[in-house]
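Peer 1: Given two chains presented individually in distinct reference frames, assemble the corresponding complex, making use of the accompanying hints.
Residue-level listing of the chains:
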Amino acid sequence: MTVLETLLSGQLLFAALVTGSLYALIALGLNLVYGTMRMLNVAHGDLVMLGAYGAFAAFTLLGISPLLAAPAIAAVGGLLGYGLYRGIFRKILAGGSSTTAVRLESNSLLLFFGLSIILQNATALAFTPNNRAYNYLDTVYRVGDVAMTGNRLATLLIAGTLCIGMALFLARSVLGLAMRAVIERREAAHIVGVNVDRVQWLSFVLGFGSAALAGVLVSMLGQFSPFSGFPFTIAGFIVIILGGLGNVMAGLLAAVLLGLIETYGVALTSANMRSVLLYGAFVAALLLFPNGLFARRAAAR
Amino acid sequence: MKDLCPNHGWTLLWITCLTCLGALPFLANDYLVGVGLTLLMWLALTQSWCVLSKMAGYVSLGHVVFFGLGAYLVVVTWQQIPLVLAVLGAGVLSALVAALVGLPVLRVRGPYFVILTFGLAELVKYTLTWIESASGMASRILFGAPDLRVIYFSMFALALAAVALLTWVGNSRFGHGLRSLRENEEAAETLGVPVVRYKLMAFVLGAAIPGMVGAIMALRSTYFVVGQVFDPMISVTVIAMAILGGGDNARGPLLGVIFLTLLSELLWANAPLLYMVILGAILIVFVLLVPNGLIGLLEGRRAAASASAGKPP
Numbered sequence: 340m341t342v343l344e345t346l347l348s349g350q351l352l353f354a355a356l357v358t359g360s361l362y363a364l365i366a367l368g369l370n371l372v373y374g375t376m377r378m379l380n381v382a383h384g385d386l387v388m389l390g391a392y393g394a395f396a397a398f399t400l401l402g403i404s405p406l407l408a409a410p411a412i413a414a415v416g417g418l419l420g421y422g423l424y425r426g427i428f429r430k431i432l433a434g435g436s437s438t439t440a441v442r443l444e445s446n447s448l449l450l451f452f453g454l455s456i457i458l459q460n461a462t463a464l465a466f467t468p469n470n471r472a473y474n475y476l477d478t479v480y481r482v483g484d485v486a487m488t489g490n491r492l493a494t495l496l497i498a499g500t501l502c503i504g505m506a507l508f509l510a511r512s513v514l515g516l517a518m519r520a521v522i523e524r525r526e527a528a529h530i531v532g533v534n535v536d537r538v539q540w541l542s543f544v545l546g547f548g549s550a551a552l553a554g555v556l557v558s559m560l561g562q563f564s565p566f567s568g569f570p571f572t573i574a575g576f577i578v579i580i581l582g583g584l585g586n587v588m589a590g591l592l593a594a595v596l597l598g599l600i601e602t603y604g605v606a607l608t609s610a611n612m613r614s615v616l617l618y619g620a621f622v623a624a625l626l627l628f629p630n631g632l633f634a635r636r637a638a639a640r
Numbered sequence: 074m075k076d077l078c079p080n081h082g083w084t085l086l087w088i089t090c091l092t093c094l095g096a097l098p099f100l101a102n103d104y105l106v107g108v109g110l111t112l113l114m115w116l117a118l119t120q121s122w123c124v125l126s127k128m129a130g131y132v133s134l135g136h137v138v139f140f141g142l143g144a145y146l147v148v149v150t151w152q153q154i155p156l157v158l159a160v161l162g163a164g165v166l167s168a169l170v171a172a173l174v175g176l177p178v179l180r181v182r183g184p185y186f187v188i189l190t191f192g193l194a195e196l197v198k199y200t201l202t203w204i205e206s207a208s209g210m211a212s213r214i215l216f217g218a219p220d221l222r223v224i225y226f227s228m229f230a231l232a233l234a235a236v237a238l239l240t241w242v243g244n245s246r247f248g249h250g251l252r253s254l255r256e257n258e259e260a261a262e263t264l265g266v267p268v269v270r271y272k273l274m275a276f277v278l279g280a281a282i283p284g285m286v287g288a289i290m291a292l293r294s295t296y297f298v299v300g301q302v303f304d305p306m307i308s309v310t311v312i313a314m315a316i317l318g319g320g321d322n323a324r325g326p327l328l329g330v331i332f333l334t335l336l337s338e339l340l341w342a343n344a345p346l347l348y349m350v351i352l353g354a355i356l357i358v359f360v361l362l363v364p365n366g367l368i369g370l371l372e373g374r375r376a377a378a379s380a381s382a383g384k385p386p
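So the protein sequences, as listed, match chains C and F. In our numbering, each number is its position in the first sequence, counted from 1, plus 339. In our numbering, each number is its position in the second sequence, counted from 1, plus 73.
Next up, chain F with everything else stripped away, as it sits in the complex (with noise of 0.2 Å):
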């Protein structure tokens, strides 16, 4: 296997990924369709996480408020208007908020700009409450929410749109400007990349998905409650994954996405509070002594291998 270039090992991981994924509603049975659903959650919203918060370095801890936004939009608009209108309209509103907060929001740097993107999430969901509970909705239930299979493609595709959008992302001029930028911001614009431009862009690119991800998925729960769609784990769990993964590209997130997913499959149910000692673990772990994630374990293995053997890498 180490003739096989680099590239063809991971086209044959993504295929089978997809295949995997695309075949499973028509084998299995609702439970592992559900575990499917929500492993395409976590890469959606994964993947759309990257394209600001690793292309550009600005680490959001934020991104929670889109899913949460979609998903309310669906529900305030339920059996009021079609579904497919207000999915993507929880798109279009996730972009609108992005692009409307994000120019004070990205004057904010390092980890203020961590810290200020919690808060502000934060903020919109005790807000959120706060509306609900003063005009007398503590939880809203959906009858007639679509079919888990529907639901699933719908997710599909989102998950493919956002691992295209990272890798568009990632080969474009604009993911280089991005990546220039965080290397260093001032070096960057001095060279005539217009960071704010580019900034605010991959922010509003971010977060349209993350709002239609959010508005799927509360068709899937049929239970709504402000505090569990906009609930801060929601924001770590997605930096977990993108750390575990390491790299700026859409193979990174894939791994930890995958890893993740399958050790909560295990835990949650029995276990939720050590799982998520675990996951804080992780986080630590990786942080320190695994800073490009476990792409970077792979392919720092692959480099030494190739070095050794005489070739370039």
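So here's chain C without its partners, still in its complex pose (with noise of 0.2 Å):
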């Protein structure tokens, strides 16, 4: 097969669009997070990591399929949120007058970072620091020329149905609504009743959760380490960047863009031209895009 022939087959679109969805959950969390608190979570990747532990603990420990334990998983990740929101943020968040924001956004970033490198080096104690992988669900279906293997298809659509669902979810209901509302105007959503307090410790719920649920997923496809969450939160920042604040279908384009801007890069590089591909992605999007988030965020105020 020539260079030509895998670019025009349906097989690396394929690819993309698995790797894609899957951003746009991890980015969704980080956005719900961002948005209602303007507090950059640096540990969201880690929890996706601790989602793929969790499925991979219950699968070759326990012998549950990683399907059946998701949403036990994702349980567990929305109560550590809720922890953690109670213990720690609540208390800085009620702190924070709005001269001192700025400082406090730099310091919740470091709080996070730290939460950040106890996970991966608990759970590197816990699990040895070694990449682990399991099988599963990988019989190949074949569509016309398009091979999938069952576990990146099962991943495509939970993913792509959290995100919809998720999107109807802040268009249609109440509390999505009151979501939306303390995503652009905190002050004025809570002038006009919005209890931003539930808003806030149900972002971190759903955040975390669908995170630890992203890290089900991840623990499907591939190998996974303590330390191979940090790629998924710079990607979750990318689509945020360039998708904006508490935009859930932007953001899933911008998810997909970047799945494929990763896909198609690997696939006329190398393999290790990925953490390249990422990085360059994350930093381009940042230096190019910095008004887009900031002007959001000063009109916001």
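One should not assume that every hint holds.
[Stated by the list, open to error] Just some of the chain F residues that point at chain C, by a computed CB distance under 8 Å: (1) P177; (2) L189; (3) E195; (4) V360.
Hint data in this document are derived by calculation from the structure and do not stem from the laboratory. Small disclaimer: the values here were computed from a predicted structure and weren't measured. All residues carry an ideal CB built from backbone N, CA and C; glycine is no exception.
Peer 2: Now the structure itself:
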């Protein structure tokens, strides 16, 4: 097969869609926590990693299928988010006045960074720092000339459904509207009677839960280690920067775009280029579109 | 001791530290000299980090990039140009890189700056890793590196230079400008502080020293892999040390550096993962509960003592 044939086949497109849907799901959780509280959760990818280990442990130790364990793992992730919000972040949010807002943001980032280091190394202590993987749903299905494994199909379906469900929840339900209100104008939302505290803890629960669930999907696809979470955080950031705050549908498109860049970039060069591409896209997004986010943030204050 | 003027106490601490560190190579075995070298390395890195990140409040998570570039320059030019030139060149290269990327990068603020600097450092790391593997260089070994004591005193000089730089900046008009833009960038600009120029100057000034530190540490380890000299944990450790120490002068980081270097000596060899967990916990506890760091605790207690004694602090 020549390079051109590879590029034109549906195979790469399918791979890009799978990656993109995963990134969309991961970015969604990140977006909720960032949008409602203006805190960059750099530990988000580590929650994905924890979810992967949860599925790994359930599968290898208890023999439970990852897809059956997924709701429980998501629930544990959500619970962790709730605990952290109650224990740490509610206090900081309450203490921050608008003059110290910028410093609060840098500080919350350092807190999440500390959390990230703890999660990575505690996982390495518990599971050893080695790469892990297991085989699950690896039957190959063929549609036309595209070969798809069951786990990739499942990932695409589950991540896609969850993202669209989340978009509907934000667009239609009362709670979703409240969430969007807080994302756009926090003080104003508070004045018109939105329970900001409830929206915030719910964002933490949904954000952490969806990250853990994305981790289950990640674990079915390939190898992972205690330190493989961070690239997911970066991918999530790229999607948020490109897609915009609280804008789930635009985020979905941005995620697919990133999936395309990554998949086709790697196919054209080599697997070693994956990280270069990812971080390159990240730096480019931040430098070229810094005002996209900042303009919105300034408007929100 | 309460009557002792606070500055005398600090002068005493500095003199004690410097005398001990200066005398170390003549008295101690190679292991202890190595520990001293590590301490001096962190001191130089942390003090230079503070020039931009503590003074102006632009928290950089990419300090390691200068360290790595310096090390890389020495390795690439190994035995082709004189070492002194390579080390000095490492400083110049780092400053140049900072000057080049500074303008676009310093436009980005707050948490975006933090995460952008991290992303940039990782981008450089992965690009160099890719270049090295494409050219068939998985790792390199340096033969004929200078004696440990030569390395030690070069690092000693760099640490002194970093402390002097931060102290000078802290007391200068320039430093007050940086502090003012940390508190409120728009207000500072309105009052005539040249914020863009000041930020860039701080970034460039703080970049030269870690470049040279990286160059010297490459001579110490003699074994070179890109992933190791661009390890993001170097940046994290620098931040942890600065935050642990607190304050925006040279004293706070000194306390943080001593504490964490000793802790890592105790734990690193036997329990590196546990050390990292503790590092993360320190970051959280200090950001959350002790935002002014160890120096804030010390000086807060002193201020309380002098206030209760009826003296103005």
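Peer 1: Confirm or reject each hint.
Peer 2: Hint by hint, here is what the structure shows:
Restraint check, P177(F) versus chain C: the minimum CB separation of about 5 Å is within 8 Å; hint holds. Annotation: L189(F) was flagged as interfacial toward chain C, and the flag holds, the nearest CB pair being 5 Å apart, inside 8 Å. Interface restraint check: E195(F) against chain C, minimum CB-CB distance 5 Å, threshold 8 Å, status holds. A hinted interface residue such as V360(F) counts as satisfied when its beta carbon comes closer than 8 Å to some beta carbon of chain C; here the least separation is about 5 Å, so the hint holds.
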